[in-house]
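Engineer: Spelled out from the first residue to the last, the chains are:
There are 2 protein chains.
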Amino acid sequence: MRFTTEQRLDDGVLEREFALGEIPGILWTPASASAPVPLTLLGHPPLGLRKMYPRLVARARRAAADGFAAAAIELPGSGDRPRWAAAEQARADLRRALEADEPVSDEIVDSLILPLVGRAVPETQAALDALLSLPEIGGPVGYSGGVISVGIRLAVVEPRIVAAGLFAGSFVPRAMFEEARQVTIPLHVLLQWDDEGNDRQAALDLFDAFGSTEKTLHANMGGHTGVPQFAGEDAAGFFARHLR
Amino acid sequence: MRFTTEQRLDDGVLEREFALGEIPGILWTPASASAPVPLTLLGHPPLGLRKMYPRLVARARRAAADGFAAAAIELPGSGDRPRWAAAEQARADLRRALEADEPVSDEIVDSLILPLVGRAVPETQAALDALLSLPEIGGPVGYSGGVISVGIRLAVVEPRIVAAGLFAGSFVPRAMFEEARQVTIPLHVLLQWDDEGNDRQAALDLFDAFGSTEKTLHANMGGHTGVPQFAGEDAAGFFARHLR
Numbered sequence: 001m002r003f004t005t006e007q008r009l010d011d012g013v014l015e016r017e018f019a020l021g022e023i024p025g026i027l028w029t030p031a032s033a034s035a036p037v038p039l040t041l042l043g044h045p046p047l048g049l050r051k052m053y054p055r056l057v058a059r060a061r062r063a064a065a066d067g068f069a070a071a072a073i074e075l076p077g078s079g080d081r082p083r084w085a086a087a088e089q090a091r092a093d094l095r096r097a098l099e100a101d102e103p104v105s106d107e108i109v110d111s112l113i114l115p116l117v118g119r120a121v122p123e124t125q126a127a128l129d130a131l132l133s134l135p136e137i138g139g140p141v142g143y144s145g146g147v148i149s150v151g152i153r154l155a156v157v158e159p160r161i162v163a164a165g166l167f168a169g170s171f172v173p174r175a176m177f178e179e180a181r182q183v184t185i186p187l188h189v190l191l192q193w194d195d196e197g198n199d200r201q202a203a204l205d206l207f208d209a210f211g212s213t214e215k216t217l218h219a220n221m222g223g224h225t226g227v228p229q230f231a232g233e234d235a236a237g238f239f240a241r242h243l244r
Numbered sequence: 001m002r003f004t005t006e007q008r009l010d011d012g013v014l015e016r017e018f019a020l021g022e023i024p025g026i027l028w029t030p031a032s033a034s035a036p037v038p039l040t041l042l043g044h045p046p047l048g049l050r051k052m053y054p055r056l057v058a059r060a061r062r063a064a065a066d067g068f069a070a071a072a073i074e075l076p077g078s079g080d081r082p083r084w085a086a087a088e089q090a091r092a093d094l095r096r097a098l099e100a101d102e103p104v105s106d107e108i109v110d111s112l113i114l115p116l117v118g119r120a121v122p123e124t125q126a127a128l129d130a131l132l133s134l135p136e137i138g139g140p141v142g143y144s145g146g147v148i149s150v151g152i153r154l155a156v157v158e159p160r161i162v163a164a165g166l167f168a169g170s171f172v173p174r175a176m177f178e179e180a181r182q183v184t185i186p187l188h189v190l191l192q193w194d195d196e197g198n199d200r201q202a203a204l205d206l207f208d209a210f211g212s213t214e215k216t217l218h219a220n221m222g223g224h225t226g227v228p229q230f231a232g233e234d235a236a237g238f239f240a241r242h243l244r
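The listed protein sequences derive, respectively, from chains D and Z. Just so you know, we're using the UniProt record's numbering here: the first sequence kicks off at 1 and counts up by one. Just so you know, we're using the UniProt record's numbering here: the second sequence kicks off at 1 and counts up by one.
Isolated chain D, as found in the complex (with noise of 0.2 Å):
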């Protein structure tokens, strides 16, 4: 892993863009820290880390005066990284479903979203390898939001990962309702009741298949982008309680 900027924000956060291999992604420390600090990780949906930032920045600067870091990378074939054919087609098929008012079938959901948590997902890993290298970083590490299936599989495979808040906000491949079953740590799970790209039962029925004996759903009011400010406090209050 290799820093490549560095600055202060206003509030003291320290923020250094990096690069892992050809993956870039962004590290916030908090202002101050005797210790090493747990992690949060900031998932966000592929549409680039650059036009994810504004919000990126605000989950940090939150995580920060919890005394937590807060890292986000870059997800395959988002942003400045290499688009690969076959997902740039399932976006294509996505579009012409929605644009045609048509359901839009496992097959569309499958390859839209499989071949993206196989890749983010030991992308993650490595860059969980990284951080957790760095001196000022101990963990344990938290996931959050971005792109539902790749915390659930994350939940699954990497121990590190002690707690999960996840935004059941996106289209989620029907395989990946039996790997739920197998996730067993504490989650957070937040649900938008009208989003207008997801479907309520779907979701419901998502957060009773999570195999975890504490899970909590927080569903709000509003459209996919709506989600209150409220909501943000009652999930860092989740953060607190476990990564502390």
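No lab work stands behind these hints: they were computed from the structure. Any given hint might turn out to be false.
[What the hints assert, rightly or not] From the structure, some residues in chain D lie toward chain Z, with a derived Cβ separation under 10 Å:
no.: 1; residue: F18
no.: 2; residue: W84
no.: 3; residue: V189
no.: 4; residue: W193
no.: 5; residue: G197
no.: 6; residue: D208
no.: 7; residue: S212
no.: 8; residue: K215
no.: 9; residue: M221
no.: 10; residue: A231
no.: 11; residue: R241
no.: 12; residue: L243
[Said to hold, decoys possible] Distance windows between CB atoms, simulated:
no.: 13; chain 1: D; residue 1: T4; chain 2: Z; residue 2: A33; range: 50 to 58 Å
no.: 14; chain 1: Z; residue 1: D110; chain 2: D; residue 2: A31; range: 58 to 66 Å
no.: 15; chain 1: D; residue 1: G211; chain 2: Z; residue 2: E196; range: 19 to 27 Å
no.: 16; chain 1: D; residue 1: T213; chain 2: Z; residue 2: T213; range: 28 to 36 Å
no.: 17; chain 1: D; residue 1: G211; chain 2: Z; residue 2: F177; range: 43 to 51 Å
no.: 18; chain 1: Z; residue 1: L98; chain 2: D; residue 2: G211; range: 43 to 51 Å
no.: 19; chain 1: Z; residue 1: T184; chain 2: D; residue 2: G223; range: 54 to 62 Å
no.: 20; chain 1: Z; residue 1: D106; chain 2: D; residue 2: P159; range: 45 to 53 Å
no.: 21; chain 1: D; residue 1: G237; chain 2: Z; residue 2: L132; range: 28 to 36 Å
no.: 22; chain 1: Z; residue 1: T213; chain 2: D; residue 2: Q201; range: 17 to 25 Å
no.: 23; chain 1: Z; residue 1: D194; chain 2: D; residue 2: V157; range: 21 to 29 Å
no.: 24; chain 1: Z; residue 1: V157; chain 2: D; residue 2: G138; range: 48 to 56 Å
no.: 25; chain 1: Z; residue 1: A19; chain 2: D; residue 2: A33; range: 52 to 60 Å
no.: 26; chain 1: D; residue 1: V104; chain 2: Z; residue 2: R241; range: 33 to 41 Å
This one's a predicted model, so the numbers in the text were calculated from it and none came from an experiment. Glycine included, C-beta positions come from ideal geometry on N, C-alpha and C.
For this one, chain D is given, so just place chain Z on it according to the hints.
Structural biologist: Okay, now just chain Z, sitting in the frame of chain D:
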């Protein structure tokens, strides 16, 4: 309203029992307050104030820590208040249905809940008149917990209640779903995902029915009495946002 006892709890909260005509109640006020404080009405199941006291005083202490007064009154037909024959009959019918593992009919639910709502709501409003006339209590008023149908009716008919935290953990007459559509105040709804005495789908339908533009569902694992500690913290955050 006539105060009958007065004591300081170890955290400085002032606890006073009162009688409002034939109705007993308890008022808790914060240790020190320089101005009239907001009020939370503590709803509770019809098991008697004395039996509910440990849980009520814990909720009252939490409210006082946020600078709010809290009050609870004995429900009609509970504690030392006179039973009425129809309610006793409805409870016996419910017990019989549950013991025989039969579905609880609409008739049983209606005869159990609707008369209770019809009596408890005006009594709560009378208590509100008396409590808000005290110089130390200013409002606004929140309603929290208890029989959810009582909370629904209060939210519809009582304009002094500005926010309600409801527990989707009791039978709801069909007629209350229509009333739920008329609720417009901010709502914080708790659901125990595996509540043994409560139908999950009915609770989700009820949440969907509420007319409020700000409504949040917090679903947690476990049975009726297994509401986790952190759920109380989130509910306290809801009231802090709306009563301060």
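Engineer: With reference to the structure, classify each hint as holding or not holding.
Structural biologist: Results of checking the hints against the structure:
{"no.": "1", "hint": "F18", "result": "34 Å, violated"}
{"no.": "2", "hint": "W84", "result": "38 Å, violated"}
{"no.": "3", "hint": "V189", "result": "9 Å, holds"}
{"no.": "4", "hint": "W193", "result": "8 Å, holds"}
{"no.": "5", "hint": "G197", "result": "19 Å, violated"}
{"no.": "6", "hint": "D208", "result": "8 Å, holds"}
{"no.": "7", "hint": "S212", "result": "8 Å, holds"}
{"no.": "8", "hint": "K215", "result": "6 Å, holds"}
{"no.": "9", "hint": "M221", "result": "6 Å, holds"}
{"no.": "10", "hint": "A231", "result": "8 Å, holds"}
{"no.": "11", "hint": "R241", "result": "6 Å, holds"}
{"no.": "12", "hint": "L243", "result": "14 Å, violated"}
{"no.": "13", "hint": "D:T4 / Z:A33: 50 to 58 Å", "result": "54 Å, holds"}
{"no.": "14", "hint": "Z:D110 / D:A31: 58 to 66 Å", "result": "59 Å, holds"}
{"no.": "15", "hint": "D:G211 / Z:E196: 19 to 27 Å", "result": "20 Å, holds"}
{"no.": "16", "hint": "D:T213 / Z:T213: 28 to 36 Å", "result": "33 Å, holds"}
{"no.": "17", "hint": "D:G211 / Z:F177: 43 to 51 Å", "result": "33 Å, violated"}
{"no.": "18", "hint": "Z:L98 / D:G211: 43 to 51 Å", "result": "29 Å, violated"}
{"no.": "19", "hint": "Z:T184 / D:G223: 54 to 62 Å", "result": "20 Å, violated"}
{"no.": "20", "hint": "Z:D106 / D:P159: 45 to 53 Å", "result": "50 Å, holds"}
{"no.": "21", "hint": "D:G237 / Z:L132: 28 to 36 Å", "result": "32 Å, holds"}
{"no.": "22", "hint": "Z:T213 / D:Q201: 17 to 25 Å", "result": "22 Å, holds"}
{"no.": "23", "hint": "Z:D194 / D:V157: 21 to 29 Å", "result": "27 Å, holds"}
{"no.": "24", "hint": "Z:V157 / D:G138: 48 to 56 Å", "result": "54 Å, holds"}
{"no.": "25", "hint": "Z:A19 / D:A33: 52 to 60 Å", "result": "56 Å, holds"}
{"no.": "26", "hint": "D:V104 / Z:R241: 33 to 41 Å", "result": "36 Å, holds"}
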